[in-house]
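**Student:** In case you want the letters, here they are:
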Amino acid sequence: MSHVERKPIQDIVIKFVGDSGDGMQLLGSLFSEAVSYAGEDLATFPDFPSEVRAPRNTIFGVSGYQIHFGQRKIFSPGDRVDILVCFNPASLKANLKFVKPGATIIVDDTSFNKELLEKVGYSSNPLTDGSLSNYHVLHYPITKMCIELATEKNYDKKSAEKAKNIFALGMLSNMFSLSKELVIDLLRKKFGKKPEVFELNKLIFETGYHFVDITEDIPVFFLRKTKLAPGKYRNITGNQATAWGLMAAAEKAGLQLFLGSYPITPATEILMELAKHRELGVKTFQAEDEIAGITSAIGASFAGALGATSTSGPGLSLKSEALGLAVMTELPLVVVDVQRAGPSTGMPTKSEQGDLLQALYGRNGEAPLMVIAASSPADCFYAAYEAAKYALEHMTPVILLTDGYIGFGSEVFRIPKLADLPEIKPPFATPNTKYYPYERDPETLVRKWAIPGMEGLRHRIGGLEKTDIYGEVSTDPLNHEKMVKLREEKVRRIARRLPPQELYGNPEGELLVISWGGTFGQVRQAVEELLKEDIPVAHAHFRYIFPLPENTGKILQQFKDKKIVVAELNRGQFAKYLRTEFEGYTFHQYNKVQGHPFTVAELMENFKSFIK
Amino acid sequence: MKGYIRNTIEKSPVPLTKEDFASDQMVRWCPGCGNYAILNSVLRVFPEIGYKKEKYVVVSGIGCSSRFPYYVNTYGFHGIHGRAFPIASGVKIANPGLSVWIATGDGDSMAIGGNHFIHIIRRNLDVNILLFNNQIYGLTKGQYSPTSPLGAMTKTSPYGTIEHPFNPGELVIGASGTFFARGIDIMPNLLTDILFEAAKHDGTSVVEILQNCVIFNDGAYEHLTNKEVRDDRLCIVEHGKPIVFGKNKNKGIILKGNKLEVVTIGENSITMDDILVHDQTMPDPGIHVLLAKMTNPVILGVIRAVPAPTYDDLMEDQIQQVKQSSPIKCMDDLLNSGDTWEVTEEA
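Chains as they are written, first to last, in my numbering: chain A, 1 to 612; chain B, 1 to 347.
Treat each hint with caution, since some may be false.
Calculated cross-link-like contacts (lysine-lysine; reagent style BS3-like; alpha-carbon spacing at most 25 angstroms) [said to hold, decoys possible]:
1. A/LYS425 / B/LYS247
2. B/LYS329 / A/LYS189
3. B/LYS52 / A/LYS434
4. B/LYS323 / A/LYS434
5. B/LYS329 / A/LYS434
6. A/LYS153 / A/LYS194
7. B/LYS53 / A/LYS434
8. A/LYS276 / B/LYS323
9. A/LYS562 / A/LYS592
Listing some non-contacts, in silico: residues in chain B with all C-beta distances to chain A over 12 angstroms [as the list claims (entries may be wrong)]:
10. ASN189
11. ILE215
12. SER269
13. LEU290
14. PRO327
Label pairs and their calculated CB-CB ranges [to be verified]:
15. A/LYS276 / B/MET272: 55 to 61 angstroms
16. B/THR295 / A/SER474: 42 to 48 angstroms
17. B/HIS223 / A/PRO431: 17 to 23 angstroms
18. A/ASP441 / B/HIS223: 53 to 59 angstroms
19. A/LYS485 / B/ARG28: 25 to 31 angstroms
20. A/SER317 / B/ARG122: 22 to 28 angstroms
21. A/LEU464 / B/GLY240: 41 to 47 angstroms
22. B/GLY338 / A/GLU181: 18 to 24 angstroms
23. B/PRO327 / A/GLU481: 53 to 59 angstroms
24. A/LEU464 / B/GLU342: 54 to 60 angstroms
25. B/ARG28 / A/SER320: 56 to 62 angstroms
26. B/GLY240 / A/SER320: 47 to 53 angstroms
To be clear, the hints were calculated from the coordinates, so they are not data collected in a lab. Beta carbons: idealized from backbone N, C-alpha and C, even for Gly.
Here chain B stands alone, though its shape is the one from the complex:
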C-alpha cells in the first residue's frame, strides 16, 4: 500500500482486479498510440485505489483522449468539446461520494475548455484530471494545439505556428492549482504511481501525460524518450528526496539565486548536500513553477501536492451548518415563512 486514501468514498468489500474495469468495447485508437499505455495504467490503479467499482465515474470532452470512458467499465459520460470539467463538476457536487476522473487532451482542456479548466482548478473540486498532451489535434487530423511549440508545422500552420504555447504545469499552478504531476506514456509504472497519488489528493489533481501521437505528431517527445538520452533528459522528482537524475544518478538540480540549475555531483565541489530536496507540499508555488517549466531535463512525478479545502467539502459543510441553524426544514415551512396572511370564508 502506498498510503492513505480517505474514507469519504465507499470502498469495495472485495478486492478488485484490472478485469473488473476492463471494457468489452473495441478500443479504436491507432495502433501504437500512447493512449494504450495510459489506459493500462488507469485499469491497474482503479483496483489498487480500492473504491467500490460503481463509485468511479469517468467524464470526457471531445478528442482522441475523450473516447476514454468507452474503454473503462465504469459509469461514464462522454461530453462535448471542452466541457468535461463543468460536467464533472456537476457530478461531483451532486454526489461527493463518487470518484470522478476526467480524460481530456491539450486542445479540449486548454483551448476550447480553457475557461472551465482554470476555474475547476481554482475551486479545488475533488476530481482527477488526466491531461493527455500530444501537442496536436489528433481526431481532427493534425492541427496545432495550445501546447504545440512555437514554429510547429502542422496542417493549420504550414509555415510554422506563430503562437506561444502553454506550459500546462505553469497554467495549473497559476490558476491556484493544489496538485500537478507529470507522467509519460513510455513509463507506465511511474504513471500508475502518479495516478494513485492523484487519487489520494483532496482537491483538483492535474496529471499531464506526455503522449505520443503516432500519426500526426510522431516523435514529438523523441528528444526526451530516445533510449540514448532518456536518463539525462528526464528527471523524476520524489517528495522529501534530493532531485537527482542521469544514467549514473550523478546529476542534480540546485537552487541558485532565483533560478534552478543543473549540476554534476562531484564537480566544482558540489556534493549531495547541495542538491535541492523536493518539497511538493510547499504552499508557495515558486519552485514548483520553475520545476514545471524546466525543459532540460523535463521533470516527471508529483511536482505539487498542497493540502487545501475542497469545494465539495465546503459545500457539504455549509449545508450542514445552515441546516442546523435554520428553522425551515421542508418546503411547506418555507412556503409559510415570512409575511403571509389568511383569507377566511366570510372575507
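Isolated chain A, as found in the complex:
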C-alpha cells in the first residue's frame, strides 16, 4: 500500500508453490531475474516432481521454486520460508512445514473448495478455520480475478487461468518495489513473439501490481543493494555453469570440446546447454547409452579433444568399466556426476551426496583417479574448469561431483575474463621424435599425449596392462605392480599443485566442522551464525577429495584434542574415507538422506551440541 512505509530487509526467503502445471518455475525464474537486476545477491532452488505433469492437486504433484535474496552475502536458497505464495490446497499442505512461524502466506483461494480440500485430507478450510493462526494469511481469488479481467477484454478463459502466476509476479514486484517497466520488459522477452499473449500477461501483471496498492495488509518492503564486488554479473544455474566451465577450459587449452552423454535427470541440462554451442565448435554426441557416452568421450580424447561425459549416479555405475579404461590408457577425461538420491533410480529430482565412494572406488582393480566437488551453482564453472585442467595436464580421468541441488539451483555469478583464468597446458608429444606411450615426466609421472595424425608417433594403447615406458602388452608380475603404483602415485602427486585447504573461522576453536561439495552454503552460514554468537568453531570445506590437499593432516592435527564433525548428505561416506586416510581421529558425523539440503538451523543445533 502506497501510504504504508516500506520496511527495509536484510534478506528474505520466498517460495512459490502450486501444481506442476501452474507455472511455478516460470514465476520463480522471472521473479529472480527481476530481483537480480535490482542488484541483489540471490540463490534459488527449483523443487519439482519427476513426473512431467503429475495428477492435479496431489501432494506428489506439487512444484516449487524457492528464492533467497537480500543485501548480505547469500550462501544458499535458505531453509525456512518468510513468504509462501501458494496456488492450491495440496501445495499448502506439502509446504507448511517449511514456513517460519509468523511468516506471510499469500494464497490463491480459487481452488480451495470442499472437494479439493478433502482430496488432500483437509476436513475444513485451513484459510478460515483458524488452524493457520500462527501465520499472516492473505487469501484472494487470484485465478477468478484473472478470468473476470480477461473475459471483460474478450480473452479466453483458459489463457486467463494460465496467467495467474503473472498476477502473483505483479504483486511480488510491487511488494519488493521492483521496477514495473523492467519486469514488463522481461515479459516482452518471454511472450513477445505472441503479441496477444503478451498483452494479456502485461494486463494481468499490471493488475497484480496495482492490487498491492489498493489492498490493505499486504506487506511492502524496500531493498538495499547488496555489497557485491564491482564487476559484471549474471545469473547462472549449476548445470549451465558446469557446461560453460568445460567450454572455457577447452578454449583456454586450444582444444575442441567433445561431450558424449545420455540424458539423465538431473544432469541433462549440461548436454542440452553444450548442444547449443556449435558456434564455438562444441561437439555434443547424444549417445545410445551411458557406456557409449563415456567411451565416445575416451575416443575423442584419444583423438586429441577434451573428452567429457555428464551423468548422474545410475549412469556413473554404468560407466565404471570405461572409467577403468581411461585410467589404464591415461587419457584426459572429465566425468560430471550430478548426484541424486539413490540407490538405483532412487529419487531422480532430489539431491544427495551418495556417490562419493562410488567415485573414489567404484571400479575393478586398482584404479585411482582424481575426484573434485563443486560447492555452489556458480562454483560449478570453476570446478569444471579445474577438472578439465587437471585431466589434461595430468593425463587422468577426473570425476567432478556436483548434485541436483546445485545443478538446478542458480546463483549470482561474477563474469570472469578468460584471460584471467589459469593456463592449461596439455603434455603434447613432439612429432617425429622417439615416442614411448608410458614414458613419464620424472616430477609429475605424467605420460605424453601423442595424437592420431601426428607424424612419427604411431602407437597403440588399450585396456590390457602394458610395460612401463614402452607400452607393450605384458603380464609380467613385477611390471604390473610397478604400473599399478605409478598410476596411483601420478594421481597423488597432483596434490603438490593444489592450493592448501582453507580453514575458516576460529582455528583454536572447540569444534572443526568438515563438509564437502554442494552443502557449502548451509554449512558456512551455520558456522558464521555460531561465530557471531561467539561460539568457537572452524570450518574446512573440501573441494579436492582425491587427492586431498597436502595440509589436510595438519589441519586435523590442530583439532586432535578437540571435536571434529563431518556433515554430509549421505550415511557418512566422507567421514569413512577420512578415517582410512587419517588414523587416530574421531570423526563425528552429521548425516541426512531425505533428498533435501541441510537447513542452517539443524546444523547450528547439531554443532552446538559438541561445545561444552
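We have chain A already, so just place chain B on it with the hints.
**Tutor:** Coordinates of chain B only, in the frame set by chain A:
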C-alpha cells in the same frame, strides 16, 4: 586404381607399401587362424588407399579379432568388450580427417556391443567395420555366439543352442545400413577389393568376413569352402553385372515374384537376359536383404553401397553454418551475452 577415394583425409605424399604398416609385434593368433589372411588383406589395402600413414586409426573391442590393432602399425586403440563402436565414434567425430577402422567379432559386435553396432550404422558415421564372423567365442574358448546356427553344440550349449542366430547383413540393413559386403578368409584378393570399396564408401561400411576358427569351430564354413563344392556354394556379386556363379558360370539368380531363385542358364529356356543384374546402389533394401540372407549359394562381394549423408559431415556442416550466423565468437562473448548487469564501486 579402382576408383575414387575422396580427399577429406590427407593423402600420403609418397607411395606406401605393405611394410609401412607391418608391426614389430609377434602375432598371437593360433597357427592356421583365418585372421592371418584378413590381416594380410588390410596390410595390402592401406597403402593402396593411399592416406598418409598417420591418418589411419584402428580401434577394437575384446576378442581374438580385437587384438588386431597390435598387429598393424597405425595409431591403435584396443578398447573394452563391445565398445569399439562408440570409441571409434568419438575418434571420428573429434577428428573427421582420420581414416577409422574397427576390428570386431560376432560376439563383440552383435552380443555385448549390439546396441552400439546398430546405432553407429543408423548414424552412418564414416568408419569401416571389419566383422570377423567365426560363429563362436574364441578367446573365452568355445561358447556359442549370436551367429552360431540353431542347434550348435558348444561349451555353453552341450545339447545344442536353442537360439536363433543373427544374419549380420540383415541386421546391418535393418539398422538402415548404407554399406554391407561379405568376404571370406580363403579369398584374400576378393577381401582386399572389398576393403577398398569399404574405404571408398562415405558412411558406415560393414564388411562381414567369414572366418574359420581352427580350434573351437574348425570347419564351420567347410560346406562352403570345400574345393569340390566351393564354386557352386559361393557367389560373388558385382555392381551392374548379372549375378552368375558355378564352376561353368552357368548358374544364376533371378527374381521370381518376391523371391530370389537359383536357375541354370540354358535350362527351361532361361537366358542370360533373365538373370538379375546386381544394383548395390538401390536405396530400397529389399533385394539386398534377400541376397544377404541366401544360404545356397552364400553371396560374397559388395551387396549394398548406397550414398547418404554421414554423421561426421553433417556435424561439420552444422558447426560451420552456426558459426557463420552467430555473433558469439569466443567464450568471453558467451559469458557476456544475454542478461548481465554491472556493479560499480559505489554500489
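**Student:** None of the hints should be skipped; say for each whether it holds.
**Tutor:** Evaluation of the provided hints:
1. A/LYS425 / B/LYS247: violated (65 angstroms)
2. B/LYS329 / A/LYS189: The hint holds at about 24 angstroms.
3. B/LYS52 / A/LYS434: Measuring from Cα to Cα gives roughly 19 angstroms; hence the hint holds.
4. B/LYS323 / A/LYS434: Between B/LYS323 and A/LYS434 the Cα gap is close to 38 angstroms, so the pair fails against 25 angstroms, i.e. violated.
5. B/LYS329 / A/LYS434: With a Cα-Cα distance of about 38 angstroms, the restraint between B/LYS329 and A/LYS434 is violated, given a limit of 25 angstroms.
6. A/LYS153 / A/LYS194: OK: A/LYS153 and A/LYS194 at ~17 angstroms, within 25 angstroms.
7. B/LYS53 / A/LYS434: holds (17 angstroms)
8. A/LYS276 / B/LYS323: It holds: about 11 angstroms lies between the C-alpha atoms, which stays within 25 angstroms.
9. A/LYS562 / A/LYS592: holds (23 angstroms)
10. ASN189: holds (27 angstroms)
11. ILE215: holds (20 angstroms)
12. SER269: holds (52 angstroms)
13. LEU290: holds (28 angstroms)
14. PRO327: violated (8 angstroms)
15. A/LYS276 / B/MET272: 55 to 61 angstroms: holds (59 angstroms)
16. B/THR295 / A/SER474: 42 to 48 angstroms: Given about 44 angstroms between the Cβ atoms, the range holds.
17. B/HIS223 / A/PRO431: 17 to 23 angstroms: violated (51 angstroms)
18. A/ASP441 / B/HIS223: 53 to 59 angstroms: The hinted range 53 to 59 angstroms holds for A/ASP441 and B/HIS223, with Cβ atoms some 58 angstroms apart.
19. A/LYS485 / B/ARG28: 25 to 31 angstroms: holds (27 angstroms)
20. A/SER317 / B/ARG122: 22 to 28 angstroms: With a Cβ separation near 26 angstroms, A/SER317 and B/ARG122 satisfy 22 to 28 angstroms, so the hint holds.
21. A/LEU464 / B/GLY240: 41 to 47 angstroms: holds (45 angstroms)
22. B/GLY338 / A/GLU181: 18 to 24 angstroms: With Cβ atoms ~19 angstroms apart, the hint holds.
23. B/PRO327 / A/GLU481: 53 to 59 angstroms: Cβ of B/PRO327 to Cβ of A/GLU481: about 56 angstroms, so the range 53 to 59 angstroms holds.
24. A/LEU464 / B/GLU342: 54 to 60 angstroms: holds (56 angstroms)
25. B/ARG28 / A/SER320: 56 to 62 angstroms: violated (28 angstroms)
26. B/GLY240 / A/SER320: 47 to 53 angstroms: Given a distance of about 50 angstroms, which is inside 47 to 53 angstroms, the answer is holds.
Hints 1, 4, 5, 14, 17, 25 from the earlier list are contradicted by this structure; the remaining hints agree with it.
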